[in-house]
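Student: Between the sequences and the hints, there should be enough to build the whole structure, so can you do that?
Protein chains: 2
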Amino acid sequence: MSSFRFEILHQSKKSQARVGRIHTPHGVIDTPNFVAVGTNGTLKGLDNQMVDSIGLQLMFCNTYHLLLQPGVEVVRQAGGLHRFIGRQLPIITDSGGFQVFSLAYGSVADELKSRGTKKRDGHVLKIQEEGVLFRSYRDGQLILLTPETSIQAQKALGADIIIPFDELPPYHIDKEKLKSSLDRTHRWEKRSLDEHLQNPMEQAIYAVVHGGVDPELRRESCRFLSALPFDGYAIGGSLGKTKPEMVGMLRELMGQLPPEKPNHLLGIGDLESLEHCIPLGIDTFDSSYPTRAARHALLLTQQGNVKVEKRECQQQFSPIDPDCSCWTCRHFSVAYLHHLFKAQELTAYTLATIHNLHFMVERMRRYREAILADVI
Amino acid sequence: MSSFRFEILHQSKKSQARVGRIHTPHGVIDTPNFVAVGTNGTLKGLDNQMVDSIGLQLMFCNTYHLLLQPGVEVVRQAGGLHRFIGRQLPIITDSGGFQVFSLAYGSVADELKSRGTKKRDGHVLKIQEEGVLFRSYRDGQLILLTPETSIQAQKALGADIIIPFDELPPYHIDKEKLKSSLDRTHRWEKRSLDEHLQNPMEQAIYAVVHGGVDPELRRESCRFLSALPFDGYAIGGSLGKTKPEMVGMLRELMGQLPPEKPNHLLGIGDLESLEHCIPLGIDTFDSSYPTRAARHALLLTQQGNVKVEKRECQQQFSPIDPDCSCWTCRHFSVAYLHHLFKAQELTAYTLATIHNLHFMVERMRRYREAILADVI
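So the protein lines, in turn, are chains A and B. First residue of the first sequence: 1, per the working numbering; consecutive thereafter. First residue of the second sequence: 1, per the working numbering; consecutive thereafter.
Don't read these hints as lab results, they were simulated from the structure. Keep in mind that a hint or two might mislead.
Identical chains share a label here; the pair holds if one copy fits it or two copies do between them.
Below 25 Å or equal to it, Euclidean Cα-Cα: the simulated SDA-like pairs (lysine to any residue) are [unchecked claim]:
{"hint": "1", "residue 1": "Lys-175", "residue 2": "Met-246"}
{"hint": "2", "residue 1": "Lys-13", "residue 2": "Asp-139"}
{"hint": "3", "residue 1": "Lys-190", "residue 2": "Asp-270"}
{"hint": "4", "residue 1": "Lys-155", "residue 2": "Gln-314"}
{"hint": "5", "residue 1": "Lys-342", "residue 2": "Asp-139"}
{"hint": "6", "residue 1": "Lys-155", "residue 2": "His-331"}
{"hint": "7", "residue 1": "Lys-44", "residue 2": "Ala-343"}
{"hint": "8", "residue 1": "Lys-243", "residue 2": "Arg-21"}
{"hint": "9", "residue 1": "Lys-342", "residue 2": "Arg-330"}
{"hint": "10", "residue 1": "Lys-155", "residue 2": "Lys-342"}
{"hint": "11", "residue 1": "Lys-44", "residue 2": "Lys-342"}
{"hint": "12", "residue 1": "Lys-342", "residue 2": "Arg-292"}
{"hint": "13", "residue 1": "Lys-44", "residue 2": "Leu-298"}
{"hint": "14", "residue 1": "Lys-13", "residue 2": "Phe-224"}
{"hint": "15", "residue 1": "Lys-155", "residue 2": "Cys-324"}
{"hint": "16", "residue 1": "Lys-342", "residue 2": "Arg-83"}
{"hint": "17", "residue 1": "Lys-342", "residue 2": "Ala-156"}
{"hint": "18", "residue 1": "Lys-177", "residue 2": "Pro-322"}
{"hint": "19", "residue 1": "Lys-307", "residue 2": "Ser-318"}
{"hint": "20", "residue 1": "Lys-44", "residue 2": "Pro-319"}
{"hint": "21", "residue 1": "Lys-342", "residue 2": "His-296"}
Tutor: Written out as structure tokens, the structure is:
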């Protein structure tokens, strides 16, 4: 009996946006919400106690990376990922598929910059019905990732929400190949679900809708996956080259997913996308954008982004945002952050990341308020 | 009228060690104590609120680095270094001399590895009676560092304790040249003191005893500087190639300094040196050893050092030290730190630095207790 439960508190009168609550064994996730990415079990530059205190309710960890370092056995013996990394709040893990296929095909960004035609460094040895065989870039060990082994790994990690093993097809692919990739992904997701249901362990499992930029295949994916008892629905794969293409595709998709279940947009969470996608009814978004931006000296504020390395920040002795209550804004000035970045001090990355993460938590709280007021 | 004051609470019956209290405008420094190095106004990987909360009572910042970035004017306009960097507790700055002469001559370590014969990259353009002319490695700006400009810079920074401009002579130097370097250093220190006394601004100034490895010149330096109204005495320059040489030299020196004034050992603070030097009556020690060790995955514990990247740490799910009350030990395990270092996560450096700094604060507290009990 899972303690996972989704309740919708309010459906906006103005859009498809809704405010909800996802209940998990490690607490509540208010939706819509932003999910930060802690690939290796940490947000870069922050410790997990600080992340908890900022109020980030869901953190994304990557099974592929954790498989290779420290390895699933270490996490299992630690008593699961929460205990291992010192996080009290909910965690979601992916299947490892995304990274393995990124290695094989290159990322969409690579492809769009036409770096994707040459395959990467040959770590992926075989892709077949069973799964994917690849070689660890850390120690050369052979690893077979299948729907079953991915789910078993995610059982050992023990995240609150897990994701079935799927194929990330290349962006440039003809329809026939995309269709056979989708069919295999569906078979893999079904096998993942079956494996999960043998021992649900209080975990929820979200399907991943695929079909690339083909509306018909996307519809088929929604249909196939909605018929299976997944706890939620993630949207994966390429949604187009531009934001309008993405929004158009999502608008169509959202009507085809079970409205009573939570949904998640994989790998997209920049501010502009949030603005466009929240009215479509998307519940959670994961992205490394705000934390990566922080490490590149880009600070998010209600008044727009601040490039803190710019000369005009040199003598700004006020906080990034006087209304911000984050640790960084309460204690340090823009001028000091400017200095830390110029001096290439690690502390710069930490303080900027704290602020950007706090900004996202606050931004999502405001979105929820706006939806409750039917303003969005 | 300066609020600087030194009181000796206890003189050990067993050695020259003493327990004291240095009163400064930003609070008390219990002695003996360890002084961490925050070259650019931050300990690498920690923010200054965290550093304050660990209880580090004195932090060392480098005038040379701050002159170049962010520049003294920025700090002045911020209202001084404490406000600029968000530190509530005492700060000590050096004169800039050490770094400028390290650039010119190479460090002692360089010399001992015989890299020191070739001069560095020519940033230092001229050394003469007036001072040193050098070129900023950041923007190519010409900077004249003299006793007067160094003190003026340190006035703008506003540390609780400042240091006169001195020459760091090369380790390999004949006695005649060492003698003329010492004479000039004495003239520079006197000029620095005069400049300081025109406007003491609640700051204390510590002389720097020089004379290299020559006992006679060291005695002369103690004699000359003790006759001047400095608030304390730092020991600088090379004290020998080995620890026994250093300890022998310090033992002799300590008897020649005014016992009622605080003293400081510049740039030395590894655990072995502390063990040898505290019984000699040294009050404060600055060193980047514990923070640099942390970034190299070396954790300090009462039971000895732990190389946390070693394989045996992979599955150690207990804290670094179960008796340690630091943030890192309260929240995270050795296995997690091992993982973070293996994954090359910035968080590793932060968590390890917190622990090592807390260890030093605690170690010094124990030294003070041992002295109070006449055990040392």
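Student: Each of the hints needs a verdict: does it hold here or not?
Tutor: Hints, verified against the model:
1. With identical chains, the CA atoms of Lys-175 and Met-246 are at most 25 Å apart within one copy only, with a shortest distance of 18 Å there and 77 Å across copies.
2. For the homomeric pair Lys-13 and Asp-139, neither the shortest alpha-carbon distance inside one copy (55 Å) nor that between copies (58 Å) is at most 25 Å.
3. In the homo-oligomer, the alpha carbons of Lys-190 and Asp-270 never lie at most 25 Å apart, since the shortest distance is 31 Å inside one protomer and 59 Å across protomers.
4. With identical chains, the CA atoms of Lys-155 and Gln-314 are at most 25 Å apart between copies only, with a shortest distance of 21 Å across copies and 49 Å within one.
5. For a Cα distance limit of 25 Å, the shortest separation of Lys-342 from Asp-139 across copies, 12 Å, qualifies, whereas the shortest one inside one copy, 36 Å, does not.
6. In this homomeric assembly, Lys-155 and His-331 come within 25 Å of each other (Cα to Cα) only across copies, at 24 Å, whereas the closest approach inside a single copy is 41 Å.
7. For a Cα distance limit of 25 Å, the shortest separation of Lys-44 from Ala-343 qualifies both inside one copy, at 19 Å, and across copies, at 11 Å.
8. When the C-alpha separation of Lys-243 and Arg-21 is checked against a cutoff of 25 Å, the pair qualifies neither within a copy, at 28 Å, nor between copies, at 63 Å.
9. Proximity of Lys-342 to Arg-330 under the C-alpha cut-off of 25 Å is restricted to the intra-copy arrangement: shortest distance 21 Å within a copy versus 33 Å between copies.
10. Proximity of Lys-155 and Lys-342 under a CA criterion of 25 Å is satisfied inter-copy only: 23 Å between copies versus 44 Å inside one chain copy.
11. When the C-alpha separation of Lys-44 and Lys-342 is checked against a cutoff of 25 Å, the pair qualifies both within a copy, at 19 Å, and between copies, at 14 Å.
12. Taking the closest pair of Cα atoms, Lys-342 and Arg-292 come within 25 Å of each other both inside a single copy (17 Å) and across two copies (20 Å).
13. In this assembly of identical chains, the alpha carbons of Lys-44 and Leu-298 lie at most 25 Å apart whether taken from the same copy (15 Å) or from different copies (21 Å).
14. Taking the shortest Cα distances, Lys-13 and Phe-224 never come within 25 Å of each other, neither inside one copy (30 Å) nor across copies (84 Å).
15. For the homomeric pair Lys-155 and Cys-324, neither the shortest alpha-carbon distance inside one copy (38 Å) nor that between copies (33 Å) is at most 25 Å.
16. Proximity of Lys-342 and Arg-83 under a CA criterion of 25 Å is satisfied inter-copy only: 18 Å between copies versus 36 Å inside one chain copy.
17. Proximity of Lys-342 and Ala-156 under a CA criterion of 25 Å is satisfied inter-copy only: 20 Å between copies versus 42 Å inside one chain copy.
18. Proximity of Lys-177 to Pro-322 under the C-alpha cut-off of 25 Å is found in neither arrangement, the shortest distances being 53 Å within a copy and 57 Å between copies.
19. With identical chains, the CA atoms of Lys-307 and Ser-318 are at most 25 Å apart within one copy only, with a shortest distance of 15 Å there and 41 Å across copies.
20. In the homo-oligomer, the alpha carbons of Lys-44 and Pro-319 lie at most 25 Å apart both inside one protomer (22 Å) and across protomers (21 Å), since each shortest distance falls under that limit.
21. Taking identical chains as interchangeable, the C-alpha atoms of Lys-342 and His-296 lie at most 25 Å apart whether they share a chain (11 Å) or sit on different chains (23 Å).
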